[in-house]
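Student: The residues making up each chain are set out below.
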Amino acid sequence: MNKEKITVTVNGRKHEKEVEPRRLLSDFIREDLRLTGTHVGCEHGVCGTCTVLVNGKSQRSCLTFAVMADGAEIQTIEGLGTAEKMHPLQQGFWEKHGLQCGFCTPGMLMTAVELLKENPNPSVDEVREALSGNLCRCTGYQTIVESIQRGAEIMRGGK
Amino acid sequence: MVQNRGYIPKSRQREKPREGLKYIGKSMKRVEDPRILTGKGVYADDISFPEMAHVAIVKSSHAHARIKRIDTSKAEKLPGVLAVLTGAQAAEICGPLPTWSSPPVFQRVIAHERVRHVGEAVAAVCAESRYIAEDACDLIEVEYEPLPVVVDPEEALNSRGDAVLHPEHGNTNLILESKFDFGPVKEDFAAADHVVKRRLRWPRSGGTPMETNGATAVWDEGSQRFTIHVNSSMYNFVGWMIADTLKIPHHKLNIVPTLAGGSFGAKLFLYKQPVMAAIFAKIVGRPVKYLEDRMEASLTNDAHASDRVYYAELACKKDGTFLSFRQRIIDDYGAYFQYGVGQHGNALAQVVGPYKINSVGVHVQAVLTNKNQQGAYRGFGSEVANFVIERMVDAAAEELKIDFLEIRRRNFIQPDQFPYLIPTGNMYDSGDYEKVLDETLKILDYKGWQKKVAEMRKAGRYVGIGIATTHERSVFSSTEFWMWNLDGKIGWTSSPDSMSIKIDPRGRIYGTLHSPFWGNSPETVATQVIAEQFQVDPSNIEITYSDTDKGLHSTGPGGSRFTVMVTGAIVGAAAILKKKIYKIAAHMLEANPDDMEMRDGHVSVKGAPQKKVSLQDLAFHAYYMRLSMPDPEDPDLTSGLDATYVYDHPVTTLPDPKREHMGIFYPIMGHMCHSMVVEVDPETGQFTFLDYACVHDSGVMINPMTLEGHMRGGVVNGIGSATSEHYYYDKNGQPTNTLLTDYLLPSISEAPANMKCGHVETPSPFTEYGIKGGGEGGRMGTPPALAQAIEDALRPLGVKITELPLTQKRIRQLVREAQTKRAAD
Ligand code: FES
Ligand code: FES
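As they're listed, the protein sequences go chains A and B.
Just so you know, our numbering puts 56 at position 56 of the first sequence, and the rest follows in order with no gaps.
Just so you know, our numbering puts 8 at position 8 of the second sequence, and the rest follows in order with no gaps.
No lab work stands behind these hints: they were computed from the structure.
Fair warning: there could be bad hints in the mix.
Claimed, not checked - Derived list of chain B stretches under chain A, where covered just means 3 residues or more per stretch with a C-beta under 8 Å from a C-beta of chain A:
{"no.": "1", "stretch": "20-33"}
{"no.": "2", "stretch": "370-379"}
{"no.": "3", "stretch": "735-741"}
{"no.": "4", "stretch": "745-757"}
Even glycine gets a Cβ: it sits at the ideal position worked out from N, Cα and C.
Please construct the entire structure, taking both the sequences and the accompanying hints into account.
Tutor: Structure, rendered in structure tokens:
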């Protein structure tokens, strides 16, 4: 199959690669760039584990072709923080037990990043609304909401 | 029988439950999290090797058929395809997949000659990429000769001829039938004033973790060995069975665990993915990955859950005293029978719930049908037993006109009656059921809600309260899998877990787990217990996982056993180490080994904490000062500081040879009460939670935060089982919901926003520190309480709930039926 050349910036680093037009953005990120922090739970757009930010907007990478991201800025979980210096949302998830198996977590985090950009102090209902398209089989969701509110608090300058 | 307590073994508990523990009982942040939160956790699909190839399967479109012809020639010619296998070819390379059932019902990694359910692999392709492998699958032509399809479990009882899935077991799909009376069932029923009878239906759901099953196999030509990376549990318990399937010597296989993105039982023991990846890895001479896609995870993951019809009868006195409980159960196992009726063995562990019931009659009919086979799902059959006993108790309360909580209290086993033997022979180690109920009523504000509900009803709203008082048996022993077999043979009786601990020359502690991470918190639990044992700061402890090359005998997580078992193993290994540490310290401090204790990273003399040596200095001595040991000849004082310990099940016995009872097989008994207030809209069939409170008694808690995580997550699993999840097959055996678009896992919108969790801690007298397991309770408590709440809300309409899931459609239908009946009366 023919390949097309694309240029994408992922977590601030520019990549030029040749991809088949049918290659999913999720596979491109995970296999071609070896950024396996983004997970694939269903590959049909329901679970939200594969959510990444494309030009700042959350998008399901399993429903996006890599070629569609040509020229885009992408952010994945690896672009948030490190184990030594976590992003406030990662810190919030750690403190509030917002993850168990951690498989849904990358999607939850990226969705939350987008939410907090628009709404730095979301209510429980607003967080629930924002997460309505992300499935988690482990936590029962309540601690995820608490984690995001905690992350928001840290971002607003709280301890 | 119940009176014969003679077979209760003595407790081996070394660490008594006590106040003042420093690390156990604290909500410590998880040590697993930093790497997972930053995207550095390695799950099955994150394993990658240069030159790695990928497998995809051709899935059967028929529910039951003979395979007449397969043409793979077009697929083989597709550029990028490395190898293609049919069932016949695979059968030459490898044997049947592991099975524990009796009789053994053999399944193959690729179906051979006959397909028995939709989705079963009929051929597989290995290619340069998953994309090419899937393209090639589309080019494979399969010709089928359809056979009669069996879908309904009760009809399956009567299948004959071509409708029989495995004719080698006789002309029937009734693969196993067992009938036991534990205690004087007949007499107790004869003495009853009232018998409650119900037909209850529990639907087929599944653990359905967000990550599917997968394995990557590497074949090393030089050493003639396979290394398989897989997200499976139980690899150190039964991983060697994969070598049998692969027809290789057992030491030519090393299984390496990855993180698992959830399991809930669905990854208890995987064999299809490792076997498939391995056979191709050897054929193509390259690393090979086989990862299920979501559809395969629904159709052929060997992990659907209980699918049961119950005909249940509860014999009662007028005053509500329960006398006997009798049930006939038809269970739809699907096309194979991997664990036999282990799920029913499980249910016998707590079949009477928290109630005194003198006798129990059980009649199990396990049938095979054309569906993905059953495996494990959070509760392993006991969640169904909870639903059934609680529905029966609610029905008894209604029919005898006794308050539904009062009838429970009248029948509760009392705190002074433990250890308590139930008619099936299993032991309940400890408990205080009234306390759990009272605590729940308090945090729900039951009295307040009763008033509010009455007012809301007056205003025409359909609001109800549901409360269930249920058990969570924890720490299974292997007996539950084979005690049904009447061939007189004794099956496996070991189900240990192990720990290796090394203290390095600088006093840092390394713990090696022999069980994997499957979404629980194994590293955190081990860290907390090791910190407690050695009184060191958790930051000095590193936890890793063994592969099977280095692995010790470990059953792995499942049946809420991990925390109890790994704690036992750590206490055992630490005891060996501490004996040595104390000898060396006593020598260094010129004191008596019996007077030593550990405190703040030091070993010191009891009562004289200033006389101390740091663990760091002591470890250095242990490693490098062999000739300055107290007694250089002492065989306990070899250089270094390390120990391993295999901890056997804390308290288990054999079944009675005549099966008058099953012995003690699942005795560490947790208890929980789930309560909720719901409002139902009878027009749409929708319901909403107005409140939710639950209290669990999982014995002494190691980490309340992670235990609560299990409770909340389990509740939402339970909501799914009770209201939306159902792996449904139409009459042709065609599954109608194979994707997450229509197999409906609860989303955040279906989960209670503010679930109140409480705890009671009744220590186990048999486990270290008095811990009990708590991994499954949420899912095991919610469904009966929710059924009761919805029934209560619709009580003005006279709706009765006997079948799950309570989808919107079913609720609407129940309302309509009730209204029609009312109108007719
Ligand atoms: S993997 Fe993309 S939505 Fe599920
Ligand atoms: S933490 Fe396991 S799926 Fe969310």
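Student: None of the hints should be skipped; say for each whether it holds.
Tutor: Hints, verified against the model:
no.	hint	result
1	20-33	holds (count 4)
2	370-379	violated (count 0)
3	735-741	holds (count 3)
4	745-757	holds (count 9)
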